[in-house]
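Student: Chains as they are written, first to last, in the UniProt record's numbering: chain L, 1 to 105; chain S, 1 to 515.
Source of the hints: derived by calculation from the structure; they are not laboratory data. As the structure is a prediction and not an experimental result, all values here were calculated from the model. Misleading hints may appear alongside valid ones.
[To be verified] The list that follows gives simulated cross-link-like pairs (lysine-lysine, BS3-like), each with its CA atoms no further than 27 Å apart:
(1) L:Lys51 to S:Lys42
(2) L:Lys59 to S:Lys146
(3) L:Lys61 to S:Lys146
(4) S:Lys38 to L:Lys34
(5) S:Lys42 to L:Lys94
(6) S:Lys136 to L:Lys55
(7) S:Lys38 to L:Lys23
(8) S:Lys373 to L:Lys97
(9) S:Lys38 to L:Lys94
(10) S:Lys71 to L:Lys10
(11) S:Lys42 to S:Lys116
(12) S:Lys146 to L:Lys51
(13) S:Lys146 to L:Lys55
(14) S:Lys439 to L:Lys94
(15) S:Lys42 to L:Lys34
(16) S:Lys40 to L:Lys32
(17) S:Lys373 to L:Lys51
(18) L:Lys88 to S:Lys439
(19) L:Lys59 to S:Lys136
(20) S:Lys373 to L:Lys32
(21) S:Lys116 to L:Lys34
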Amino acid sequence: MFFYSIQERKNRDAQMRATINQKLVVSGERDKLKELLRTRLIECGWRDQLKQHCKEIVKQKGLEHVTVDDLVAEITPKGRALVPDQVKKELLQKIRKFLSEQQQS
Amino acid sequence: MNTKCCPHLSVFKATKGLEPFRIIHTYFISCTSREARKRKAKSCVCHTCRQARPRLHSCLSCVYFGCYGLKHIQEHAKSKMHNLAIDLTYGTILCFACGDYVYDTEIEHIAEAQQKIAEQWMGVTNSFSAWEPTDKEVELLQQNPKRRRLTANSTIGLRGLINLGNTCFMNCIVQALTHTPFLRDYFLSDQHNCQMRKDSEQCLVCEMSRLFQEFYSGMRTPHTPYRLLHLVWTHARHLAGYEQQDAHEFLIATLDVLHQHCKGSNGLSNSNPHHCNCIIDQIFTGGLQSDVTCQQCNNVSTTIDPFWDISLDLGPTEAETDFPNGIDKFEEPTSLTNCLKRFTRPEYLGSSAKIKCSICQSYQESTKQLTMKKLPLVACFHLKRFEHSTGYHKKISTYVSFPEELDMTPFMSSSRNHNNGYSEQVIREAASCLSSDYKYSLYAVVNHRGTADSGHYTSFVRQHKDYWFRCEDHLVIRAKLEEVLRSEGSVATGIKLAVHKVKQMCSNNNNMIFL
Ligand SMILES: [Zn+2]
Ligand SMILES: [Zn+2]
Ligand SMILES: [Zn+2]
Ligand SMILES: [Zn+2]
Ligand SMILES: [Zn+2]
Ligand SMILES: [Zn+2]
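Full structure from sequences and hints, please.
Tutor: Structure below.
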């Protein structure tokens with residue numbers, strides 16, 4: 001029987017994520033992807049939907065009582081769920097392409 | 001947005017100025033050099049947990065970086081009494097004393113300017129920015145408290161048009177234009193600044209503005225567009241009384257008059273017709289690249305011309321057989337993609353149409369290929385169903401299928417094969433359809449029923465995201481997407497105005513926008 005340390009696996013994943021993130025930042029690719037994501041989310045109506053949802057929360061709680069933390073807590077799961085699969089796929093593909101180009105050079 | 005600064009930020013600004021903000025913004029938010037990005041990549045981690053977690057903030061007083069999720073920035077603020085922090089993703093300022101993000105005009109100006117520079121660096125043009133009402137607009141909104149919210153099943157924006165006697169050719173185009181998202185955004189936000197002040201009654205752009213008001217007023221009775229027709233006819237005299245009254249010609253004439261009447265809104269348009277940035281050109285103008293290759297020396301000469309629409313040939317092609325390399329003869333196209341393939345294939349110009357080659361210094365046989373250099377925001381395709389020659393008018397009624405989403409990647413100049421000699425169709429198929437940079441989505445179709453001499457125009461328009469309506473003069477009837485895509489299926493057909501959205505939305509964040 002073989003077992004590997006789950007914690008170690010997690011650490012390695014985190015390290016990998018940090019490395020990829022650094023590469024993306026240094027090359028400027030991260031900003032480009034961010035801009036692309038923003039455009040796609042606007043195009044598909046995601047932005048309008050979330051904005052509407054925020055307005056409803058603000059109305060419900062009253063402008064005086066609502067905090068940014070409340071909004072973030074309520075909006076985050078919904079925002080994640082509403083991102084269309086196609087947008088996720090496109091971004092993933094772009095990141096893959098970027099990484100394979102990085103490896104080649 | 002509340003741009004009144006919080007007292008804590010005011011005090012900070014008064015004592016330390018704007019420099020701390022500017023420095024943090026340039027170094028860690030909108031980086032414009034590889035050096036800066038390197039620094040950012042290395043140092044953007046929480047100083048407490050050493051991780052690059054989301055919602056990282058920087059203390060404005062001591063440039064401590066702390067994450068928000070694990071409350072490291074909060075703890076720092078509390079223990080050091082440093083109340084102000086910048087969100088390192090968006091550049092907004094969080095005041096812990098107020099317990100909220102705070103906004104300040106001067107700071108926003110700096111952030112905006114920095115963002116602009118960073119965008120230029122990235123090569124991003126026309127990035128979306130949310131609508132911020134000006135003081136004047138805020139005042140107007142306060143004076144007019146009535147709001148109209150559009151729900152998904154709202155029929156606002158749909159209106160029939162009275163037929164003024166064979167004017168269905170105009171009605172179908174008006175329906176397509178009024179459902180063009182970018183035009184709607186432009187007109188409903190009242191952006192036309194009339195250039196014909198003394199004579200604004202004669203301005204077609206002003207008339208379009210009124211037309212949009214009519215369409216989106218909520219009125220349900222059919223509208224009578226006689227002023228529009230009158231103005232187009234006055235300014236495009238070649239159309240008046242033209243017996244064929246062709247929807248496509250009407251569209252082009254209308255766009256042309258609109259573009260003429262916009263002129264003067266910028267200095268460029270008068271001096272250089274190809275660089276007009278009027279709303280019509282911003283939306284409809286694309287660039288068509290033409291590459292002529294000398295068969296003798298393979299020298300390629302390239303020109304780029306602006307276009308508002310693409311006219312596509314139907315029917316089988318002749319004259320293909322004498323191509324030296326024996327290109328496939330084109331069958332009658334039965335899909336929009338086929339038509340576009342045919343449009344962008346290299347064409348042998350023949351021995352009777354020699355072109356002077358600048359390298360050979362003599363007239364040579366050549367091939368010519370058209371590709372899309374620049375795509376417009378709205379792509380308008382016209383199927384040439386009518387053949388008019390002296391004495392006879394003929395209509396080609398072949399069914400041509402078209403998709404709801406069109407990928408233009410294979411027809412781009414960048415997809416052109418740069419090998420010399422066009423031995424085969426050089427258009428590369430889109431390798432991957434995932435990227436939607438060149439994707440278009442259908443929003444209007446114009447159909448013609450009948451013969452070349454007499455017939456009737458109708459149109460389909462898309463409302464909101466996926467509701468389709470069939471417009472036939474004063475009638476507006478809900479339709480299904482299948483019906484739209486099947487249109488032209490029978491013998492009945494006409495011009496197709498396949499048009500599109502996508503690239504970027506120039507619109508604001510108001511409730512009017514449903515794409
Ligand atoms: Zn932390
Ligand atoms: Zn501090
Ligand atoms: Zn404060
Ligand atoms: Zn005007
Ligand atoms: Zn123009
Ligand atoms: Zn030559």
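Student: Please go over all the hints and tell whether each is borne out by the structure.
Tutor: Quick rundown of the hints versus the structure:
Taking the CA atoms of Lys51 of chain L and Lys42 of chain S, the gap is near 34 Å; set against the 27 Å cutoff, the hint is violated. Of the supplied pair hints, the one linking Lys59 of chain L and Lys146 of chain S holds, its CA atoms being roughly 18 Å apart against a limit of 27 Å. Between Lys61 of chain L and Lys146 of chain S, the direct Cα distance comes to roughly 23 Å. Compliance with the 27 Å bound is thereby established for this hinted pair. Among the hinted pairs, Lys38 of chain S with Lys34 of chain L is consistent with the structure: their alpha-carbon atoms are about 18 Å apart, no more than 27 Å.
Taken as a hint, the Lys42 of chain S and Lys94 of chain L pair is honoured in the structure, with Cα atoms around 23 Å apart against an allowance of 27 Å. Restraint check for Lys136 of chain S and Lys55 of chain L: the C-alpha separation of about 23 Å stays at or below 27 Å, so the hint holds. About 9 Å separates the Cα atoms of Lys38 of chain S and Lys23 of chain L, which keeps this hinted pair within 27 Å; it holds. Straight-line distance between C-alpha atoms of Lys373 of chain S and Lys97 of chain L comes to about 24 Å, which keeps the hinted pair within the 27 Å bound.
Between Lys38 of chain S and Lys94 of chain L the alpha-carbon distance is near 21 Å, which keeps this suggested pair within the 27 Å criterion. For the given pair, Lys71 of chain S sits about 22 Å from Lys10 of chain L by alpha-carbon distance, which is consistent with the 27 Å threshold. Proposed proximity of Lys42 of chain S and Lys116 of chain S is supported: the alpha carbons are some 24 Å apart, at most 27 Å. Annotation: proposed proximity of Lys146 of chain S to Lys51 of chain L holds, straight-line Cα distance about 20 Å (limit 27 Å).
Between Lys146 of chain S and Lys55 of chain L the alpha-carbon distance is near 17 Å, which keeps this suggested pair within the 27 Å criterion. Simply put, Lys439 of chain S and Lys94 of chain L have alpha-carbon atoms about 16 Å apart, close enough for the 27 Å limit, and the pair holds. For the suggested pair Lys42 of chain S and Lys34 of chain L, the alpha carbons sit about 19 Å apart, so the restraint of at most 27 Å is met. Annotation: proposed proximity of Lys40 of chain S to Lys32 of chain L holds, straight-line Cα distance about 15 Å (limit 27 Å).
Taking the CA atoms of Lys373 of chain S and Lys51 of chain L, the gap is about 36 Å. The hint is violated against a cut of 27 Å. At most 27 Å may separate the alpha-carbon atoms for a hinted pair to count; Lys88 of chain L and Lys439 of chain S meet this at roughly 17 Å. Taking the CA atoms of Lys59 of chain L and Lys136 of chain S, the gap is about 25 Å. The hint holds against a cut of 27 Å. Restraint check: the Cα-Cα separation between Lys373 of chain S and Lys32 of chain L comes to about 22 Å, which is no more than 27 Å; the hinted pair holds.
Between Lys116 of chain S and Lys34 of chain L, the direct Cα distance comes to roughly 15 Å. Compliance with the 27 Å bound is thereby established for this hinted pair.
The structure fails to meet hints 1, 17 from the earlier list, while all remaining hints are met.
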